Structures are given as structure tokens and as C-alpha cells.
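Student: Turn these sequences into a full structure, and let the hints steer you where they fit.
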Amino acid sequence: MTPKERAEQAARTMWGNDQASPWVGMQIEAVDEGQAVLTLTVEKHHTNGHGICHGGVIYMLADSAFAFACNSRNQSTVAQHNSITYIAPGQLGDRLTATATEVSLTGRSGIYDVTVVNQTNTVVAVFRGCSRAVHGHVFEE
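Quick note on numbering: the sequence shown equals residues 846 to 986 in this note's numbering.
These are calculated hints, taken from the structure and not from any lab test. One thing to keep in mind: the hints can contain errors.
[Said to hold, decoys possible] Lysine to any residue pairs mimicking SDA-like chemistry, simulated, CA-CA at most 25 Å apart:
| # | residue 1 | residue 2 |
| --- | --- | --- |
| 1 | K889 | G879 |
| 2 | K889 | V971 |
| 3 | K849 | A924 |
| 4 | K889 | C975 |
| 5 | K849 | N862 |
| 6 | K849 | P934 |
| 7 | K849 | C975 |
| 8 | K849 | Q872 |
| 9 | K849 | S921 |
| 10 | K849 | G938 |
| 11 | K889 | P934 |
| 12 | K849 | K889 |
| 13 | K849 | R973 |
| 14 | K889 | T960 |
| 15 | K889 | T944 |
| 16 | K849 | E874 |
| 17 | K889 | S921 |
| 18 | K889 | Q872 |
| 19 | K889 | G938 |
It should be emphasised that the depicted structure is a prediction, and the values quoted were computed from it without experimental measurement.
Tutor: Dropping the structure here:
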């Protein structure tokens, strides 16, 4: 199995067990070893009292991209610490894209950066996720 095939199988398996990401409206666009791209179109039920995309929805999109990237090697991996900085609001109708990229993987600890942009490539948020590998695998090889 190539690294890309492993990442795709891990994503299929995780997606099949993920109730939250599809429920909120996310889609997986691409995965590879240490990388993932997820999208979400901002709908009315994603907006807050200011009429913009709720920060928790943006965080959830970034966190899901992070999860697919850090589990791409078929090693069960969870978040240890995450942070997000909001740069611009997500607007109703925006197509948000979260691109997660592995920055570092040393032993059981990883660092991933996720950039969330809208359809005009305006940066909406930047997210840094720190992962920790735990016992087990996403799927049996």
C-alpha cells in the first residue's frame, strides 16, 4: 500500500465512523500522508447572532482537517492541544476550505498547521494542532 493509498483508506474508515463532520456539512476533498483538505459551504444554520459563520463551525472544520491529516499513516492519533486565530469572518454562502499540513512528526507527537480560506482565497482562520499517537490503528492492514 502506498502512503497515499493508506491515507485514503484511513480517511474512508474514519469518515464511516464520523457522525459530526458529515452532519455539519463537511466534505473531504483530498488526503495524503500528513495532509488533508476539507470543505464546507456556510449555510444559515452555521451563522451566529452577527449573521457570520460561528467560530465553532470554523474551528470544527479546521479540527476535522487536522484529524484526517494526523491519522493518515494509520496510527490512531488524537489532539493534544489546538489553537485557532480568526482573521476574517466567514459569510453566509462562503465555500470554506481547510488545508491541513504536517509541520513536524517526532515519535508520538506531531504538529499540523491548518489554513481556512474562502472561495476568493481570503484567509478566514489559521489553526495549529498538536497531536499524540495512541495505541491502535485506524484500520487493519
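Student: State for each hint whether it applies.
Tutor: Hint check:
no. : hint        : verdict
1   : K889 x G879 : 32 Å, violated
2   : K889 x V971 : 23 Å, holds
3   : K849 x A924 : 22 Å, holds
4   : K889 x C975 : 31 Å, violated
5   : K849 x N862 : 20 Å, holds
6   : K849 x P934 : 33 Å, violated
7   : K849 x C975 : 22 Å, holds
8   : K849 x Q872 : 18 Å, holds
9   : K849 x S921 : 17 Å, holds
10  : K849 x G938 : 32 Å, violated
11  : K889 x P934 : 14 Å, holds
12  : K849 x K889 : 35 Å, violated
13  : K849 x R973 : 23 Å, holds
14  : K889 x T960 : 23 Å, holds
15  : K889 x T944 : 23 Å, holds
16  : K849 x E874 : 14 Å, holds
17  : K889 x S921 : 34 Å, violated
18  : K889 x Q872 : 18 Å, holds
19  : K889 x G938 : 8 Å, holds
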